[in-house]
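Residue numbers (my numbering), protein chains in the order written: chain A, 1 to 172; chain B, 1 to 165; chain C, 1 to 406; chain D, 1 to 218; chain E, 1 to 393.
Honestly, the hints are just simulated from the structure, not real lab data.
Don't take every hint at face value.
[Unchecked claim] Label pairs and their computed distance ranges (CB to CB):
hint, chain 1, residue 1, chain 2, residue 2, range
1, C, Ala85, E, Ile75, 47 to 53 angstroms
2, B, Pro141, C, Gly270, 47 to 53 angstroms
3, E, Ile75, A, Arg160, 27 to 33 angstroms
Quantities reported herein were computed from a predicted structural model and do not represent experimental measurements.
In this text, a Cβ means the ideal position worked out from N, Cα and C, and glycines have one as well.
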Amino acid sequence: MGITAKNFIASYTKPESLITEEYPEEKPKLPENNRNFPFLVFDDDPDAGLRCVSCKICERECPPQCIYIVQERDENGRPVKQPKVFDIDISVCMSCQICVEVCPFDAIKMDQEYELSSLDRFDPLIHDRQRLSKSNEYYHSIHPAEAAAVDAVLAEKAARKAGNKKAADNES
Amino acid sequence: MNATAYILLGILLIASGTGAAVLRNPVHSGLSAVVAFVTLGMLHMALGAQFIGFVQLLVYIGAVAILAVFAILLTRPEASHLPCLRPLRRAVAGAVTAGLVLAALLIAIFRSPSLNREPGPVAEAPVAEIGELLMTTHLLPLQTIGVLLTAALIGAVLFASTNHS
Amino acid sequence: MTALSGTIPVFASLEGAPIALKAWILGMLENMGMPEPFLMLVSIQLSILGFFSVFLLLFVLASWFERKILARIQNRRGPNRVGPAGLLQPIADGIKMLTKEDIVPVAADKVLHACAPVLIILPAFLAMAILPYGKNMTPVELEVGILLFFAVSTATELAVFMAGWASLNKFSMLGAMRAVAQILSYELPLILAATSVVMITGSLSLTAMVEAQGGYLLGILPNWHVFTPWGFAAFAMFFISALAESNRTPFDLPEGESELVAGHMTEYSGFKYALFFISEYLGLYVVCGFAVALFLGGWQAPLPFLTFIPSWIWFFAKILCLVFVAMWIRGTFPRVRVDHLMNFAWKFVIPLGVMVLVSAAVWHLAGRGPLGWILSLPPLLIPYWLMARAYGRNYDAGGRVYRFAE
Amino acid sequence: MNALSTESIAARVREAVPEAEVELIPNKGPSGQDSLLIGAAKAVEIAAFLRDDPELRFDYASNVTGVDWPERVVKERVTATEEVDGETKEGKKVVETKIPGFLEAVYHLYSMERKHGPLVVRLRTGDRENNVTLPSLTPVYRGAEFQEREVYDLYGIRFDGHPDLRRLLMWENFADYPMRKDYTPPDDYEYEPTPHDAVLEKAKRHQADDGCGKGDPA
Amino acid sequence: MNPPSETGSPSPNPAESPRYRTAGYDSDAQLLEVSLGPQHPSTHGVFRMNVALDGEDVVKLKPVFGYLHRNHEQIAEQVSYLGSMPYTDRLDYFCSLSNNWAYAAAVEKLAGIDVPERAEYIRVITSELTRLVNHTSFLGFMLSDMGAWGTVLMYAFREREKILDLFESLTGSRMMGNYMRFGGCRCDLPPGWLEQARKVVDGYPAFLDEMESLIATNEIVISRTQRIGRLPADKAVNGSMTGPCLRASGVNYDIRKVDRYGIYDRFEFRVPLGDHGDCYDRLMIRFLEMRETLKILRPALRDIPEGPVMDPKARQRNLRPPEGEAYARVEAPKGELGFYLISDASDKPYRYRVRPPSLINLTLLEDLCLGEKIADVMVILGTIDIVLGEVDR
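Full structure from sequences and hints, please.
Spelled out as structure tokens, the structure:
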């Protein structure tokens, strides 16, 4: 009995012992590593700058198979390194971020947006490419440390590619 | 105003009494018996004997009615297979016996001398006085009843516990 | 002191406020030419209206009060969305209960199913009539007050049985049997505790009992029954049996059963279920009212210089304290098992009840003074200690010592 | 990790239970947990010996599971000399040997008393269709009761001597055994738009022949 | 799908097994057939028990499973080794990180990968924090089964939230960690995580003392749990009971001490053992285990070394372990959680088996409940502490 009394009095004297979080007013602050559904990163232009080259590794590796990619084809049918269709069925996706791990081009990252409820069970829950793609700045805003590391790796890779292209130029 | 109260309670008493006897569903008849006990209690209170009225309520509803209801609950008799005579002969037999009993009662009442005497003053019986009487003049019957009840209780407990173990 | 002295006349006038109000209305009706019998009728209606509305208000308060207390005990905030600090929550519940569809099972016995909730509310209302709310403010001055309470509270057993029997489903049958057994076996200690008070005050009427508790011992300690040895034991017993009577935790076996769904109330929905809900809270209030009247000195003020606060405020304040303790217990204790409940009643509380009677007699015969204290304690403590030891022998009550392996 | 090696246990079992067929199966992986294949005839006796022998005391059946080995065609390149029109020629030839399929019940036994490690015991059935009964070890290890029921439910190995052999997870009249390699799940799940066209065709094909698809168990 | 019926199926011996004690009761007494679950306030998920009651006493109890069966093992055989790691979170969704560790340990034994020092420390820390989470919520559910609705549950969840916030900042999700990989962990500790963890661990003893004084000597709890559901030691061992329930019957078998897996041999902690094996012992053993866990966590959090979190040459994506089989097990909060993998040198496991402690601990549920009261069945089921995700897989 004493314990419950202590907690009862404490709830009036020590406000921080109350653990109720008034959701609509106080939004929960999410730690940096928090992950919800994935999103596609584009560098500067939503269409051209999309990092995804539709190599379909994530589609194969995704355990519940909820990613669906169709490769872009230019006018005379040759495949272009761009996904024409990139759907994620977020009613099936369990936000396990295996796709982020296996993607060699750092094109897909985990989002932190959680207010995704919709009225219809089917179509709104299938996020198409246009809704999935978000800018690199947004990526920096939600995962600052991780985004910085990824940019460093990309910059170093670009530098190396520029380096050996230059080497190839002065060789030829 | 008292007269109307008596008539009302009387009718209710008779109705619930016959209900208890006649209703097919055992639970319904048990509960109409309870209504009869309540009206009896209220009659006492209307006459001013509150102590007797409440004791009547307490004892009859608290104990006797619950006893009857538990009996019904545990044996769960189905309303259908209660033994009874064929309807026609049963109605005639019922009416005859009722008439005989009524006649005997009426004769006894009208012939008795006390009917046409003036009703005496209503005896004012405060509870304390009843207590005194119980503890002094009627002590022996009270104690014997107490012993009888305890014996019955112990018997019931023994009877119940033996068949379960 | 001036502020205080200023308020005293105001409070003094508050003391008789309800009576004055009623007299003023009756007077107004009288000179409007109301014939005599109707006047008597109206005066009864007025007093009924008085305590009836107060208790329903208390019921509304109780359901909000309970949620808030339980929440605060569990470090939650409790309802604060509906109205200011959640005060409109009970009204929201009421509307919900009213609008919910009232499903009656097909096989159920319609008649019994309908009148069970009515019968379960009856005792609470009837028993309200004889509670001494304030100085000469008892609606019905009955010479056998306490007896009415016991006579009428037997109706709850019948109502619970009817509810269980009428819903014709396995769970409610088992729940009804358990509930009736529980209420029956805790009726006896209730009566034993009350008889000890009746013995000391010498009369069955509640107003006499409250007056007997007036006066103050050496200026500070009010000589309520609860401050006497037998009185304290009787109060504890009365309160425990009161919790059991109104199915409150830790005795909420019939309906709070985690394995028997909802006991005799399984088949009820809509406002019938709300009636059961109301009857539980009103029953708790009324029983706490009796506990206050019998042991905590009804409308007597706890300290002599506090008598300027009107008496009926004291009465309701004490009731609210007892109800708070009941809710506090609800937030702390788990449920007792059925056979422990029965053993506790028949093997522990009832024998102790008889010993309370003995100790009250000793206290009375030894002159109610300090000698009374010394003489009346042993008949209570010795059997309590013996029985507690026997009762706890097969459990290691202090917890066990555990060995560790490397 | 196990105090006494599997070979010595096998030897002890052979000399303790007279005509027990005990065969050692080496484990090719780095985990070093070799297993003992024991014949079905003497299985219960061997298990009782393993549990009660004061030296071994394998009193705890930690894990009981089933494995399905369907028919396998094993191609080995083997150098075979054969008569080709008169003279013998050494030639690499691919020999296909068909290994008949069987069902297997694997028991991992531990000793809680002497705290030594897993002894993997395997029991094999005759084949995968009709000769699928194995002796149940529940009379020896009470802990194996639910696990053997699960193996019966998912693999179809019938354990005789089991006190209450019913399906553990699937419902009673489910005819198929879901964990076998050749199990095809029913495709009568309710149609739901999904980005995967393969799933859509399967559902449409199922809807086409009005709902009684071949996989439907009822 | 028609609901599973419990009547005998065409199994070889449909006859009632002799174990049910109907001898002691007169047969004409109406046996009340009650089915507790699957929608039931205190069965920890979709789990049904068909109970035959004579008055209050249990005469027959048949558990029925399968409501949450999703054939986790078949899915794992069609997905790559890495692919089924997130599924292991869904086994016992209260202790996702110890499930991850068990699966990672099995694959490491199968493929012979070793784990760097810092990853071993992180694994011990996270799995011991999971044990705290599991035992704390166990206390909460235990008390609400006994009728104290909410109070102890809220206190337990208040503490559990602190640890779940730690998991969220480390692995990204409160309950579904998916954090361990073959050869280490997915990502390193975020800055400030260790201080936060130390603060939570230092605040824990106060919570345990408060809980112990609320529960351990509470008369009603004592009268409802002592001498109920007694389990003798030999029957526990033969019935493959593992975890706190086994140690409550006095059998000294804790896999952290027996197998010495991971770096548990560096921490000195003791294994509490009970003498009576009844519900009260099972309840108190979990209290004492939480105190021992704190003895592991404090040194672990103090001297965790710097260094890589992942073995550089460990491949995650198309890992093809050599042909062979391996069985690895871990002392999960509910008992011995084991993974048995057979690999045929392809990138998908040939056979993937989970040894579920909750299901196997239920084997003896019936023996414990025979003869007890109906109110005790809930208490006994509560002390065995099952989670249906792991029972039905």
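Hint check:
Against the hinted window of 47 to 53 angstroms, the Cβ-Cβ separation of C:Ala85 and E:Ile75 comes to about 50 angstroms, which satisfies the hint. Checked against the given bound of 47 to 53 angstroms, the beta carbons of B:Pro141 and C:Gly270, roughly 52 angstroms apart, stay inside it. The supplied range of 27 to 33 angstroms is broken by E:Ile75 and A:Arg160, whose beta-carbon atoms lie about 40 angstroms from each other.
In this structure, the one hint that does not hold is number 3.
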